[in-house]
Amino acid sequence: MRIADRVERVPPSGIRRFFELAEEKEEVISLGVGEPDFSAPWAARTAAIDSLERGRTSYTANRGMRELRAEIADHVRRYDLDYDPDEEILVTTGASEALDVAMRAFVDPGDRVAVHQPSYISYVPGVVFAGGDPLAVPTRPENDFALTYEDLANAGAEDAEVLMLCYPNNPTGATMSRSELAEVAEFAVEHDLMVLSDEIYAALTYEGEHTSIATLPGMRERTVVFNGFSKAYAMTGLRLGYALGPPEAIRAMNRIHQYSMLSAPTTAQYAALEALQSCGEAVVEMRDQYDRRRRFVLSRFDEMGVECFEARGAFYAFPYCGGDDERFAEELLRQEDVAVVPGSVFGTGGEGHLRISYATGLDELRTAMNRIEAFVDAR
Amino acid sequence: MDDRREILELLLSNAREDTTDLARQTGLDEETVEECIESLETDGVVRGYQAIVDWSRLDEEHVQAEIELNVELDRETGYDDISQRIAKFPQVASLRLISGDYDFAVSVEGDSMHDVSRFVAEQIAPIPEVTQTVTHFVMETYKERGVSFGEKDDDDRLSISP
Numbered sequence: 001m002r003i004a005d006r007v008e009r010v011p012p013s014g015i016r017r018f019f020e021l022a023e024e025k026e027e028v029i030s031l032g033v034g035e036p037d038f039s040a041p042w043a044a045r046t047a048a049i050d051s052l053e054r055g056r057t058s059y060t061a062n063r064g065m066r067e068l069r070a071e072i073a074d075h076v077r078r079y080d081l082d083y084d085p086d087e088e089i090l091v092t093t094g095a096s097e098a099l100d101v102a103m104r105a106f107v108d109p110g111d112r113v114a115v116h117q118p119s120y121i122s123y124v125p126g127v128v129f130a131g132g133d134p135l136a137v138p139t140r141p142e143n144d145f146a147l148t149y150e151d152l153a154n155a156g157a158e159d160a161e162v163l164m165l166c167y168p169n170n171p172t173g174a175t176m177s178r179s180e181l182a183e184v185a186e187f188a189v190e191h192d193l194m195v196l197s198d199e200i201y202a203a204l205t206y207e208g209e210h211t212s213i214a215t216l217p218g219m220r221e222r223t224v225v226f227n228g229f230s231k232a233y234a235m236t237g238l239r240l241g242y243a244l245g246p247p248e249a250i251r252a253m254n255r256i257h258q259y260s261m262l263s264a265p266t267t268a269q270y271a272a273l274e275a276l277q278s279c280g281e282a283v284v285e286m287r288d289q290y291d292r293r294r295r296f297v298l299s300r301f302d303e304m305g306v307e308c309f310e311a312r313g314a315f316y317a318f319p320y321c322g323g324d325d326e327r328f329a330e331e332l333l334r335q336e337d338v339a340v341v342p343g344s345v346f347g348t349g350g351e352g353h354l355r356i357s358y359a360t361g362l363d364e365l366r367t368a369m370n371r372i373e374a375f376v377d378a379r
Numbered sequence: 001m002d003d004r005r006e007i008l009e010l011l012l013s014n015a016r017e018d019t020t021d022l023a024r025q026t027g028l029d030e031e032t033v034e035e036c037i038e039s040l041e042t043d044g045v046v047r048g049y050q051a052i053v054d055w056s057r058l059d060e061e062h063v064q065a066e067i068e069l070n071v072e073l074d075r076e077t078g079y080d081d082i083s084q085r086i087a088k089f090p091q092v093a094s095l096r097l098i099s100g101d102y103d104f105a106v107s108v109e110g111d112s113m114h115d116v117s118r119f120v121a122e123q124i125a126p127i128p129e130v131t132q133t134v135t136h137f138v139m140e141t142y143k144e145r146g147v148s149f150g151e152k153d154d155d156d157r158l159s160i161s162p
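Protein chains in written order, with the working numbering: chain A, 1 to 379; chain B, 1 to 162.
Just so you know, nobody snuck in bad clues.
Here are the simulated EDC-like cross-link-like pairs (lysine to aspartate or glutamate), alpha carbons at most 20 Å apart as the crow flies:
#1 A:K25 x A:E336
#2 B:K143 x B:E109
#3 A:K25 x B:D154
#4 A:K25 x A:E331
#5 B:K152 x A:E27
#6 B:K88 x B:E122
#7 B:K152 x A:E364
#8 B:K152 x B:D54
#9 B:K143 x B:D54
#10 A:K25 x A:E364
#11 B:K143 x B:E66
#12 B:K152 x A:D363
#13 B:K152 x A:E35
#14 A:K25 x A:E330
#15 B:K152 x B:E140
#16 A:K25 x B:D156
#17 B:K88 x B:E129
#18 A:K25 x A:E326
#19 A:K25 x B:D155
Note that these hints are calculated values from the structure, not bench results.
Being a predicted model, the structure only gives us computed values, none of them experimental.
Please model the entire structure based on the sequences and the hints provided.
As structure tokens, then:
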């Protein structure tokens, strides 16, 4: 059987190997999980159950239920984002589908797509599957992993057509302030880049307010914003996300979406509607808990003398482990039964770091940090 | 949220958390944490720390009852006066004045149904202001002060995910 070249060009995920190693062991505490440890708020779950009981099992409009799009439009105003529910919002099967559709809608074969790194592992493969040419733009620990004008210039991003952006960031937990984003916006306007901004962790911002790059001058018309229900509402398995963008962008994305997906899962759309209507407080409660764990983890690393920049968003810390991060992670798993993800899995700039997810109950986190301390002390 | 409120929040979810861990989670130093706890206690905000117990898991009888209590007030006797008489009994676990069809909701605990019935009949009902008591024995507890007694949700997440 002949596999298409663009598929062969994408190596299997580096996370896979660690997953298999971790699965071999019995009593592993995993700090390697990229999803909330909470379940979706009960009200959202009952709305899903209720929709099934009422037999709501048909397709919805391609772009998603009108009522849900209207709620999304209302919801994103908290970030000063103003989008028309009829023309500028597309509900998708997770933010992942929105990203995939966007790559196919905006990237022509040979187009260069700048992806800052370390970053979520799906962006580069997404670019390749769309026939594009990924360009790695390393961010640096001395800038707290914020993307700078200089980083973009050094990597030669002026030749790119599209910039993929993700803040709050997976895996670093970095966030970007308005003034930091202004540099990126300046670069994008100067070199006419389109920006795909994955803001799935926006609600999990612990210091200051989340700022969307789309709110900066000259950016709305060249930006598509991605968000969803997985992280904020702990609804990963329900697979529901959305894209916000100018009408022509959403129209283009919907053209692909309507043929490939038809519409996002109906049950999940009902859950999402309820989540937006009544689960705001649950989101705040979960965020408060993550924030406490974040401080706990950061202060534990500080006590161990392990260098770790102050992650301000998502649910990850990104400590510096020095040298070979893959080996560190593997030995930590073998000796102390703690699973973490080596930073190099997330691309250039991630080497020598570990991604520590604190989407884990405090009791487990406490034990895991003690084991990491023992491991570090013994080295 | 101010520091004291934040500490209260943490104690509400786990009163056994030690000072060092409270400090780590809040970013406060241990001394400040201890000051917060002390002021919560001296100001009477925090009135005590107790275990939440699922009595059905113990090999002994333990009976709980919710009692509806109606009283009649007069010029000399108010709710506060009556509440003091009732609250002093060690069998009374909680006592609340509530709105609706009756005046006081009383939670009573004892070693047997007989104990509880006798307590209500001999100590509560004879109080001159009490006009009516309705005793509801607790048959099963599913959730107590925010803690569910059912099976815990298993963590069904993959051990490593992107």
